[in-house]
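Undergrad: From first to last, the protein sequence lines are chains P and R. Throughout the first sequence, residue numbering follows numbering that gives the first Met the number 0, covering 0 to 631 in sequence. Throughout the second sequence, residue numbering follows numbering that gives the first Met the number 0, covering 0 to 631 in sequence.
You can trust all of the hints, since none of them are fake.
Which copy? The list can't say, so a pair holds if one copy fits it or any two copies do.
Computed cross-link-like contacts, SDA-like style, restricted to lysine to any residue with a CA-CA straight-line distance of at most 20 Å:
#1 Lys568 x Arg619
#2 Lys270 x Ser211
#3 Lys50 x Arg92
#4 Lys602 x His563
#5 Lys421 x Ser434
#6 Lys485 x Gln445
#7 Lys602 x Val520
#8 Lys381 x Asp310
#9 Lys381 x Gly233
#10 Lys381 x Arg232
#11 Lys390 x Val309
Rather than coming from a laboratory, the hints here were simulated on the basis of the structure.
Protein chains: 2
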Amino acid sequence: MKKQTFVALMNDSFWRPKIDLFAAEGIAYQWRVLNDAEPGAAKSHSVRNFKIAAGLAEGEHYGKVFQDSDLAKWIEAASYSLFYHDSPQLRSRLEEVIGILEKAQQSDGYLNTYYTIKEPENRFKNIENGHELYCAGHMLEAAVAYYDATGSSRLLNILSREVDYFLSIFGKNAGQLDTYPGHEEIELALAKAFERTGDEKYLDLAEYFINSRGVVPGFLAEPGFLSRKERFRGSDYYQAHAPIREQMTAEGHAVRAMYLFSGAAEVARLKNDDSLRQALYRLWDNVTGKRMYVTGSVGSLKDGERFSLVDYDLPPDIAYAETCAAIGLAMWAYRMLKDRPEARFADIMERVLYNGVLSGVSHDGRHYFYVNPLKIKPAVAKTRPESEHVKPSRVKWFGTACCPPNVMRTVLGIGSYVYTQKDDDIYMHLYAGHSAQIMTARGELQLSVCSEMPWKGGMQMRVSGEGSGRLWLRVPDYARGFALSKNGNDENIQAVNGYVPVDIAPGDVIEAAFSMEAQFVHANPNVDEIACKAAVLRGPLVYCAEEADNFPLLSSFRADAKTHISEEKANLFGGIVRLTVQGDLYDAISWGEGELYRTGAPKRIPAQLHMIPYSLWNNRGEGEMAVWLNII
Amino acid sequence: MKKQTFVALMNDSFWRPKIDLFAAEGIAYQWRVLNDAEPGAAKSHSVRNFKIAAGLAEGEHYGKVFQDSDLAKWIEAASYSLFYHDSPQLRSRLEEVIGILEKAQQSDGYLNTYYTIKEPENRFKNIENGHELYCAGHMLEAAVAYYDATGSSRLLNILSREVDYFLSIFGKNAGQLDTYPGHEEIELALAKAFERTGDEKYLDLAEYFINSRGVVPGFLAEPGFLSRKERFRGSDYYQAHAPIREQMTAEGHAVRAMYLFSGAAEVARLKNDDSLRQALYRLWDNVTGKRMYVTGSVGSLKDGERFSLVDYDLPPDIAYAETCAAIGLAMWAYRMLKDRPEARFADIMERVLYNGVLSGVSHDGRHYFYVNPLKIKPAVAKTRPESEHVKPSRVKWFGTACCPPNVMRTVLGIGSYVYTQKDDDIYMHLYAGHSAQIMTARGELQLSVCSEMPWKGGMQMRVSGEGSGRLWLRVPDYARGFALSKNGNDENIQAVNGYVPVDIAPGDVIEAAFSMEAQFVHANPNVDEIACKAAVLRGPLVYCAEEADNFPLLSSFRADAKTHISEEKANLFGGIVRLTVQGDLYDAISWGEGELYRTGAPKRIPAQLHMIPYSLWNNRGEGEMAVWLNII
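Just chain P, same shape as in the assembly:
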């Protein structure tokens, strides 16, 4: 078993403060929530469920069938935090938790509190909505993270036993359940476990689930499935409407779809399966070319938390855009990069990490959005039934609490998104400052990267350690004037699939520079609500206008897309680049009480609009917010 280190440790001014906040407070905060010791947070009971299943406490199970996954994601996040802040207290808490899990695991390997405590007779009876394999998948991810952080296989051993049990239950042999999970997740977790352990059993089970999906009967033949079927929760909700290789568009529950595609990308790579790879390329094009918000969020429809039934249906105000789905897109993008380093995957991965993912958590790290709209007018959002899911402010926790620990594990694990590696070819996808150890054929290279991203383009890398390799630097889609130097000498820029190669060895100093000015971005005119509008992006950041910096009635402002967008450093949220857009207020002034419509020449007055990074919205109280601006 080979130890896989946690690749990059962030040391920049953007991610590191968030990581430190989560490590110093977020882990403890969420632990209190999971133990129902945080006043004002929705009830979790997640830890107590495990104690009850372990025979260490009395009581009933509380919560959803997927309540176990909240603790799993917390273990994963806590493990990552050990890379940054090794804490004996946290280590012993993790060991204590794993001890509970050991006791909660049934003798046959099964580990699930809901079905152990509450419905033992229904184990695997509701494969599409029971979430048993989903929870196991998250626990397996936690086990891998714990192993990466501590070198301990204690949790992985629990999961190994459970996977053995799954292998006995699921399959095509007589007496087995020939089916696949209703909520994908375990596939990508199995691939992780395979990569750490080299044990083919993990990969085989992942491949079986991927290839079985959408093959009738699966769970479509389960008693009651059809009666539970509704328009937005048919087999497509589960990506089970067709085998994945025949799926032309991304359908159904967005988190499920992203996790499926992530797992499938691992199987395609590890099995070098070209038919699966082609399907993933096609699905990637559909998602990012027709079904993705400019923030990288996906899943526009609240009913079924799913992709809309048609392309280009991306309403900004009633967006679902679940935080977990954004995380899922980043996960998928990263796995596409692992298979084939093409900058288009990294462009989307970076976009969604900096925007659709980060908007899910407040600047204080303790408040969360499940739903991430691109526009809000609170008075309307709070009273219209169709925006019931759109909350005007982040909350402390949710009854369905998938997002908070998911965003925490993602931020604490952001370093795992920086690189992919193929032998001695090292692909750097994110420019944020960090340090990393990369094992090459002739030794471990240490890379130390300074960067002011996302505020200023480029980076300086100092290479030390042993060995050598070829570093491939991504040329972001927003970069202008990309320049590269090695030890002070300019390098030729010859990008392959959006990556510029440079050979590196200890002692080298690599500098990359590019400018990234704020730009207006337009959307395909098929996206009805934002036709004739523009968003403002700068580097990987999508910007938004908030009432707090401007005025109410943001919809009355029209940006002049021909003018320069000015930039300034602002002392907000620890320091950001704030943008100011020139334009006018169109017929927005001097309306009398009760004047609802009027004829005559519209009044226009010059105006400007301040904009902040989208992910930081709603950190100064409730108010209007808009990503898409009207245009003069």
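Please arrange chain R on chain P, whose structure you already have, making use of the hints.
TA: Below, chain R alone, put in the same frame as chain P:
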């Protein structure tokens, strides 16, 4: 008992063809529907329900508790049609129907098929949703119409007996039900009956219902009411959250509210009740100043078919904007005019009649909208759950069929909206061509009006007959250069409350002229979805753009509000004025497959957009439609 004639008979090129179509085909078509003899139309059973209740047929009641009202509105419409086309066959059919009603009426006067056949034990047990008084109200309106058209009191006698029964049931005496109808309607019908008969019993009951409303307990104290209460169907749904004199905003189910305000306006006028009048002025300002679509439609929220919970919430694409609510606003406006002739009431009445009401029926008179959006993109409307109520095409009938017979009775009865009269002061509110008899102190004047409205402003009136009076001509809010002449001599224009007076006597020829150019209209910037947009109105007509005349992706067009809107006569729908707006297509061209967002200078190409009257949309198949246009 004084015979009240049907005031104006239309003879213009706009309303008269619709009237003729309804008289020649619509009455027969809806009769077939009500008898379930029209293939493809939703089941009605309305006539058969009455036959069963009358003991003339066997079977079960079918349909809603308000199914009786469909036949009532048909009787009203059929009666109006007799003014235009006296038909012995229709007269005998109406007599036959009234014969059934006589037999269906119970010995105590009660007349309702649902509670007679299906739930006799529950009579008046569900006063808020049972619709017994609502159905009786519509039948009373039908009785008045039948009396006006034929001079026969046969149906009115049935209703008189039922009202006597109601007077025994409802009231403040011991043993009576001290309450008020859940769906208002009977109040305005009672006022009509009072005006025809002079019998105070009708007015007393109307006044009792108006004044009792919202006074606790009413039906709020009924068992089960609170448990049925939901966010959008609380007491405000029934306008029962407060006594009407204390209501500050229009709340709840829009049709109910409009019918209530119509009835209240009659009581305010007939009882000269100034506190009620003041409340109605306040509610009028709220509805027309903050809660009304530019088409005159009201009730933006599908949940509860109601007014939104906040002012200025008027989304064009998910509008509810029920046809019946638009009719209700016209009814209310007319009753405000009866009380006090102020042109602002007539401006709204005309707007809603020509737009929000007429859009409810197809050009062929046989297809209907229940919901009248101001924008549609069919692919989106058909797949988003929140626009499930928005149909991309009119249908033949509805399970809840309030709108089709309602729009038919309104079109056939449009002549009753033309005038109000106070002694010898005759107020003309609508300019559409017609003839009318007006009784003055010294005889009956005959007024014969030629007009090309709504295509050309103005009219010529020839006065004949006997007597004399003062004619007050409305100066519409859209009229420019209003000019008036009598017998070829210019008259001074001195408007009072928007009406210009001129004395008339037999032999006079009155000519009014004004221009009405197409204009851009803007909305209060508080209406979020249409901030920075403009609608196009010409005279009383709201215009819309349809894909059929233009291109898909209407949202990509931007109108140049500084340019002239050109007009042309078009040979569509029997002849209309078609408008053409200049503008551009903003960044709507040359998008590649899978190109969802792009940076760089937007492409703009000059373009023009053809527009037709809003009420005529969706007569050429399914396609995009938009009232509000983006603006350069």
